[in-house]
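Go by the hints and put chain A onto chain E.
As they're listed, the protein sequences go chains E and A.
Per my numbering, the first sequence runs over residues 1 to 312.
Per my numbering, the second sequence runs over residues 1 to 674.
Since the hints were derived computationally from the structure, they do not count as laboratory data.
Treat the hints with caution; some may be incorrect.
[As the list claims (entries may be wrong)] Quick list of simulated restraints, FRET-style, between CB atoms:
1) E:Phe63 with A:Val548: 32 to 38 Å
2) A:Arg2 with E:Ala123: 19 to 25 Å
3) A:Met1 with E:Ala123: 23 to 29 Å
4) E:Asp132 with A:Val661: 41 to 47 Å
5) A:Ala115 with E:Tyr16: 44 to 50 Å
6) E:Ala75 with A:Gly5: 24 to 30 Å
7) A:Leu642 with E:Asp3: 54 to 60 Å
8) E:Ala123 with A:Val548: 54 to 60 Å
9) E:Pro46 with A:Met1: 41 to 47 Å
10) E:Ala123 with A:Val126: 47 to 53 Å
11) A:Arg2 with E:Asp132: 25 to 31 Å
Computed from a predicted model, the values in this text were never measured in an experiment.
Don't be surprised by glycine CBs; every beta carbon is placed ideally from N, CA and C.
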Amino acid sequence: MIDPRPVETQGLTKVYKDFWGRSKVHALVGLDLSIERGEIFGLLGPNGSGKSTTIKLLLGLIFPTSGKATVFGHAPGTPTVNQRLGYLPEESYLHRFLTGEETVDFYGRLFGLPRQERRRRTAELLDLVGLDRRARVRQLREYSKGMSRRIGLAQALVNDPDLLLLDEPTSGLDPLGTREMKDLILHLKSQGKTILLSSHLLADVQDVCDRIGILDRGRLKELGRVRDLLLVRDVFQLQATGVTPQAREAILATARGAGATVLSAEHPTTTLEELFLRVVRADAETAHAPRRAGAPGAQDAPAPPAPTDGNA
Amino acid sequence: MRRIGALALVAWRHGMRLRLWVLVPPAILVLILADVYSPRFDPVFEGIPAAVSTSLLVMTVLAVVVGIFFATYAIPSEMESKVAYSVVTKPVRPAEVVAGKVLGMSLVLAAMLAAVGVGAYGYILVRASAIQSLAAERLAEARPRVAYAADLNAVQAVAESGPLKTYRYHEAAEGPAVTLDMGPAWRGPTGVQWVLADTGMRLAWQLNDTPLREWVNAGPCRLRVSLLLSPVADARPAPAAAEATPPETPVPPRVMAGLLLPGRDFNREPTPGQEARPINQDVFDVPASGELEITVVAPEAPPAKGVLNLPAAAGDLGLKVLALKSAGLVGARAGSLRIIGPRGQEHLVTATPDVTPAEQRRRVIIAGRSSLPREVAVFRFAEVKPQWLEPADTAFEVGFSLDAWAAPNVQAEAKMTFVRPDGRQKALLFHPEAHHSTVLHLDREFWHGGPLEVRLESLTDEDNFGLLPESVQLRLGGGPYLWNFAKGITCVWLYGTVLAAIGVLVSTRVSWFVGILTAGLIFLLSSVRLFLLHSTPASIIAAGLWIVAILVIAILLLLRKRWTLWPRIGAVAGLLTLAAFFGFAATTVEKSAFEVWRVRLPGFMPDWVPWTFFVERIMVPLPDVTAFLPADTLSMGQALSLADLGATFMLAAFGVLVLVVAGTILLRNREVAA
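Chain E extracted, bound-state conformation (with noise of 0.2 Å):
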């Protein structure tokens, strides 16, 4: 039997209303959305656009106005959906007064996991977002945003979800914490899990989805894969190392030759997160303190971006 669809809308609308049911705000205007299964799919817009409110649909915490939202082909919230699902909150709204494992313990108690496989997955995930063994022990009260966003995540992955629906999942980390965040997302994409992301810091989205969709005023404006929607069809760029004066010279001769317009020559620059991970990572190694152990970031992570012609 085909596994349906992840995530399917068909003309989900939301309408907010007053106590009165008057209504007060078109938060989402009949959404038609698909999401394949293994793809990382980021739903982009400014404040108030319609991100969360998509979420929240697709978690069962808020009702549709009309339309239609399946996971896995069933209605949101129920539990046989919930049981295939992964959801880190646009803040960690978790029980502040709990410690780091009793809080990966009671989500994985509430997904029935055994009491072995508890430990197990407790200790795996708390490694893996790199909270060190004091962290652990202390009330999440007393943690830090960045801390507060790593336990988030580990709770979401409690259940080694299918489907995992990230609400801001870099906001409040710091960039060596939203580089891990894109390294995992990147990493739990390569063994086949399907992520919705929702953002509005768009480099983060590039970085990291297959496919995105942009929404503003509660309307789906734009929806494609990130190459195609990001792709200049009518300008060339060439990069190359070793080339001499003289070569670079020559090919804009030949490119001007062939009717082409020069349109810039020049030493690309890295990205102001490349150049602050390589200061951050290099004083780390002097320092022989490797920053957590067993953080995707240190094994798993893709090769960085190639540097881009910054004008290009």
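Frame of chain E; chain A shown alone:
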């Protein structure tokens, strides 16, 4: 179950990390102070029951605070902090969320009550040792001066083996039934049911199967009652000359008679000026022949002196006759009541009249009159279970909480006769003291469980005992009853759990603040349920206004979510003050209407307008939360049977189940992120 357990564990951790346990030491301190400073008539016998009672009361307050506040806080706090997003997106059903919360609250409550209970029991043990030495001191002081050794046996038992366990005969089917013991020298008529003046006993006839109601519709009827009067031959010693009072004008024998519905009793003595109203009770002079004739008219007929209006409300109807002081001894035989219709038709009531105590309090009074046959309270200890008497105590006691009143300077004297089924008797004389629990020693050789008849008599002139059915106790040796205390705490825990379930139910739909208000209102209303069922319209109106006020507050708070704390508190205080004022005004209007204009507002007399009927139906949906509390255990530290505990447990389990189901329905249809 695993998920419910997980949610319960989180609720438990929440309670512990909110440091709810800091309430435990103050609670122990409060109960110790309350016990030390509360008045006590007899520390030897009442010390431990009072300490138990105080402890359970403090624990009840704790259960209410934790049950309502913490439970009502649980779900809304998760909603408002959005923690619920993380929980409900896991494979958890709404029923599991609600059940987990209730279970968690219950665990928190159990731990807190257990902690307070351990502290309280430690205090009770300290009290017990002090009571033992106090009893020894009292014994040493009193033995040379006491005429009846039975008085001191119980004190001795306390001195030797510590405080006594107490078992209360509540709802005893067989007692106390007060009879007049006419004695072997009685030469008067036989087959007569007698009542003695001023003891509150009534002669009662059922009139259901008679044509009275039907005949009254056609015109006035007459009730002809043949009463037997026994004049009071005052055999008391003549008063000293200095104390002699002028002779009073002879008063004819009088009785009060009334047509009363079940559960109703004589309201009060009619006062001058009350004639201009419909009445269904009045005072009648009894002629020397004893033939009393009472005219009965329709409910709407104009009232008149000596004429009774038939009660308008439907229901069982009865005629009750109460002997007033001038009547002394009044009796009636079978077939002494005759109904005469408007056209002269007659109906004979052949049944023998019952002798009943006052309906309201079921208090029986045993009067001491040397000039009259003795009035005797008889009740039977058929409920004694053999296991109560284990381990083999060498002695046990029978106690009576007596309301005794005697003339000044009179040493009250009473006799208690125990009669075994085989006829063997044992009589004990004792001196009852007003409002004291009188405890008599009964040796095990004479009786160790099983049926026993007890006859209680007053031997002193002008000395009366008031006795309620619940006041009969059996006390056994065996220390300050740990097991019973634990059972009492269990009941308090069940009570708190039900309150917590109410709190969780309410909080599934509203904010924390509104939830606490609503849960508190439900708790208050269900606690005063019985009071409301038997209250006057004014108090019902007042209660209704309170309800309206709180609903208005709830709506205002829903509408004005942005209000800060102080405007909310101000709104609550203002509206409650207004409601209290309305209640006061309603009561004042009702009282003034009666006292100034002699107008009774509808419902003032419950027989006319069925206010209680109305209120009962409003109150039915409310859980009677107080039913979970063992009243005897709370009030007097009495023993609680395992059967009662089991029944309470079942009741609580059923209540919690219903509340969880209701909470599930409410939560299922709620948008968590709305």
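- Query: In ascending order, which of the hints set out earlier in this document are inconsistent with the structure?
  - Reply: none
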